[in-house]
Amino acid sequence: MSQTSRHTNEQDDFIIQVRGLDNSFDGHVVHQNLSLDVKRGEILGIVGGSGTGKSVLLRSIVGLREPQAGDLSVFGQRLKDLTEDERQAIEQRWGILFQDGALFSALSVAENVQVAFREHLSMKPSLMDELAGLKIRLVGLDEGACSKYPSELSGGMRKRAGLARALALDPEIVFLDEPTAGLDPIGAHAFDMLIKDLQRALGLTVFMVTHDLDTLSTVCDRIAVLADKQVILVGTMDDMLQSTHPWVREYFHGPRARAARSSG
Amino acid sequence: MDGEALSFHVIDENGTFQVDFAGEWTVRHVQSVDDRLKTIHSQRVAGREAVLSLGEVSRLDTAGAWMIERTASQLEALGFTVRRAGVSPVQQALLDAIEHTGTSIEMHPNEGPWYIAVLERMGATVRQIGNNILEQLAFFGLVITTLGRAIRRPSRLRVVPLVHHMEKAGLDALPIVALMTFLIGAVIAQQGAVQLQKLGAEVYTVNLVAIVFLREVGLLLTAIIVAGRSGSAFTAEIGSMKMREEVDAMRTLGLDPIEMLVVPRVLALVITLPLLTFIGDIVGLIGGGVAVWTMLDTTPDAYLVQLREASGFWTFGVGLLKAPFMALVIAMIGCRAGLNVSGSAESVGRQTTSSVVQSIFMVIVLDAAFAIFFTGVGI
Numbered sequence: 001m002s003q004t005s006r007h008t009n010e011q012d013d014f015i016i017q018v019r020g021l022d023n024s025f026d027g028h029v030v031h032q033n034l035s036l037d038v039k040r041g042e043i044l045g046i047v048g049g050s051g052t053g054k055s056v057l058l059r060s061i062v063g064l065r066e067p068q069a070g071d072l073s074v075f076g077q078r079l080k081d082l083t084e085d086e087r088q089a090i091e092q093r094w095g096i097l098f099q100d101g102a103l104f105s106a107l108s109v110a111e112n113v114q115v116a117f118r119e120h121l122s123m124k125p126s127l128m129d130e131l132a133g134l135k136i137r138l139v140g141l142d143e144g145a146c147s148k149y150p151s152e153l154s155g156g157m158r159k160r161a162g163l164a165r166a167l168a169l170d171p172e173i174v175f176l177d178e179p180t181a182g183l184d185p186i187g188a189h190a191f192d193m194l195i196k197d198l199q200r201a202l203g204l205t206v207f208m209v210t211h212d213l214d215t216l217s218t219v220c221d222r223i224a225v226l227a228d229k230q231v232i233l234v235g236t237m238d239d240m241l242q243s244t245h246p247w248v249r250e251y252f253h254g255p256r257a258r259a260a261r262s263s264g
Numbered sequence: 001m002d003g004e005a006l007s008f009h010v011i012d013e014n015g016t017f018q019v020d021f022a023g024e025w026t027v028r029h030v031q032s033v034d035d036r037l038k039t040i041h042s043q044r045v046a047g048r049e050a051v052l053s054l055g056e057v058s059r060l061d062t063a064g065a066w067m068i069e070r071t072a073s074q075l076e077a078l079g080f081t082v083r084r085a086g087v088s089p090v091q092q093a094l095l096d097a098i099e100h101t102g103t104s105i106e107m108h109p110n111e112g113p114w115y116i117a118v119l120e121r122m123g124a125t126v127r128q129i130g131n132n133i134l135e136q137l138a139f140f141g142l143v144i145t146t147l148g149r150a151i152r153r154p155s156r157l158r159v160v161p162l163v164h165h166m167e168k169a170g171l172d173a174l175p176i177v178a179l180m181t182f183l184i185g186a187v188i189a190q191q192g193a194v195q196l197q198k199l200g201a202e203v204y205t206v207n208l209v210a211i212v213f214l215r216e217v218g219l220l221l222t223a224i225i226v227a228g229r230s231g232s233a234f235t236a237e238i239g240s241m242k243m244r245e246e247v248d249a250m251r252t253l254g255l256d257p258i259e260m261l262v263v264p265r266v267l268a269l270v271i272t273l274p275l276l277t278f279i280g281d282i283v284g285l286i287g288g289g290v291a292v293w294t295m296l297d298t299t300p301d302a303y304l305v306q307l308r309e310a311s312g313f314w315t316f317g318v319g320l321l322k323a324p325f326m327a328l329v330i331a332m333i334g335c336r337a338g339l340n341v342s343g344s345a346e347s348v349g350r351q352t353t354s355s356v357v358q359s360i361f362m363v364i365v366l367d368a369a370f371a372i373f374f375t376g377v378g379i
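Residue numbers (the working numbering), protein chains in the order written: chain A, 1 to 264; chain B, 1 to 379.
Some hints could be false.
Quick list of in silico lysine-lysine cross-link-like pairs, DSSO-like style, CA-CA up to 30 Å [claimed, not checked]:
{"#": "1", "chain 1": "A", "residue 1": "Lys-124", "chain 2": "A", "residue 2": "Lys-148"}
{"#": "2", "chain 1": "A", "residue 1": "Lys-229", "chain 2": "A", "residue 2": "Lys-39"}
{"#": "3", "chain 1": "B", "residue 1": "Lys-38", "chain 2": "A", "residue 2": "Lys-148"}
{"#": "4", "chain 1": "A", "residue 1": "Lys-80", "chain 2": "A", "residue 2": "Lys-124"}
{"#": "5", "chain 1": "B", "residue 1": "Lys-38", "chain 2": "A", "residue 2": "Lys-124"}
{"#": "6", "chain 1": "A", "residue 1": "Lys-196", "chain 2": "A", "residue 2": "Lys-39"}
Note that these hints are calculated values from the structure, not bench results.
Owing to the predicted nature of the structure, the values given are computational and were not obtained by experimental measurement.
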């Protein structure tokens, strides 16, 4: 699913590589010697019980948290070795959707999307408006939303607007933190489909933390399970169902999981 | 940024009208061709086919795809039938996704001339001020009736929160109130003494300090400190509770937020502000005394004698009488601003600012009104 026209030299490799990651908070160990690979162009879902450090893993990869130890490579470059400028260049190649959108409350939706244009590119206002409008329509918001402020939007709209902002610079990787949490089933399903469609059209790699079994079964190419301070299992939905690990069994064979499977 | 990264070339010959796109059509580069792309046109259009050739495009992202789709609609609007050529499957998926999103949005709807906008905002502000005054009065009434109910049935008075707020708004404010009044007292005495010495009337420095401090400055200073300190705290506390829906939760549990949150704070301030003012007055007089002793070679005894002569009961009473009213205004404004918080954390900040500004303003307006009143009744 990778876009041949965009990247020719990094084909078929792992776009994100995590090696020997250690994370702890005041002696409480969250990750110990954790390793994970994300393939280019896939949608990877991260699952795990509360407190297993799903969000901590995401925050470590994007540099919001300094891990105690470990190597993180994105686009084949070790993040530790980068200079400030190189790091900025990499940051422009990924986009992040925070749990509640994390839109800047003093800016309208369109201005939120334009922040990256303003900051990193020299672009005229007319073109910025056109492209911001495009991204906003791309995530399925209608025209009226452009001039609205985050406080005037519903939770689902805030998430869509947050996704539009994450996509502003056409990133190659998108990180999603619980994209469907707090949405109603219809809204959640629509958001799942949106992610899938965008991933196909734009050739994105998607790294998502989620609890939503429907999302896992309908959009994720692979699933990684976090437990016991490590990634204990990576694979497709079928692999998950065949696993004998007690937590994985309970998660994927519980009543909610059965309901999700029979409907999906 | 490299201007040569992308290019397009228009071929307009007998049979064909073709636009060749080449290079990196990405968000980083599209600005350089934006204006020129919009000017593509042709003399002869009728029934011709326009070919958009992407064969030479090395990279394409949504911004580039948008430019190409925009050019396509532009040519269609001129009357061409548009065909895309040399499109790879991946590019096709991207172009389809862009096409589905439809056309551009008018971002900045015409708002009319600027002076209309200015007038509109002025009008809105005036209306808002009017509404604000009305709402504040309504809130005042609401609190007074709740307070009246609480006094009729003292069991409904919440003693623990009352004492808690008295400690936070009163006792904890003591050091800063004492320090400020001491310094201002000393400064007034020192400045007054310098001026009065020129007339040989330096003895009257004591009168100056006594009148100015007891009647006005002691109270004003204390009230302004309390407005900045406690008024804002009331707004922030109640505001963040409102934001987290705690206030709504109270209502659904049959608890009256006015009785639970507002009444204890109002009472606490009405009780403590006069006490703080009293202490502020005393410390201010001590500050003035220190300045007088060091500058004018008088003894503490002489200062006290002069002080007793200069001020009567009402000099002191006028200042203290105003304090509960100031407290009422500060607490009411602070609490109402807190209850006005809506949704966002940003709104807490805005309401806190407005509560401090409003209460300091009202303290001074009230002080002026009292000055007129006391002159009228001759005290």
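Against the structure, the hints:
1. Lys-124(A) to Lys-148(A): The given pair, whose Cα atoms are some 22 Å apart, holds under the 30 Å limit.
2. Lys-229(A) to Lys-39(A): 22 Å, holds
3. Lys-38(B) to Lys-148(A): Judged against 30 Å, a Cα distance of about 29 Å means the pair holds.
4. Lys-80(A) to Lys-124(A): Answer violated: Lys-80(A) to Lys-124(A) is near 35 Å, above 30 Å.
5. Lys-38(B) to Lys-124(A): 14 Å, holds
6. Lys-196(A) to Lys-39(A): 16 Å, holds
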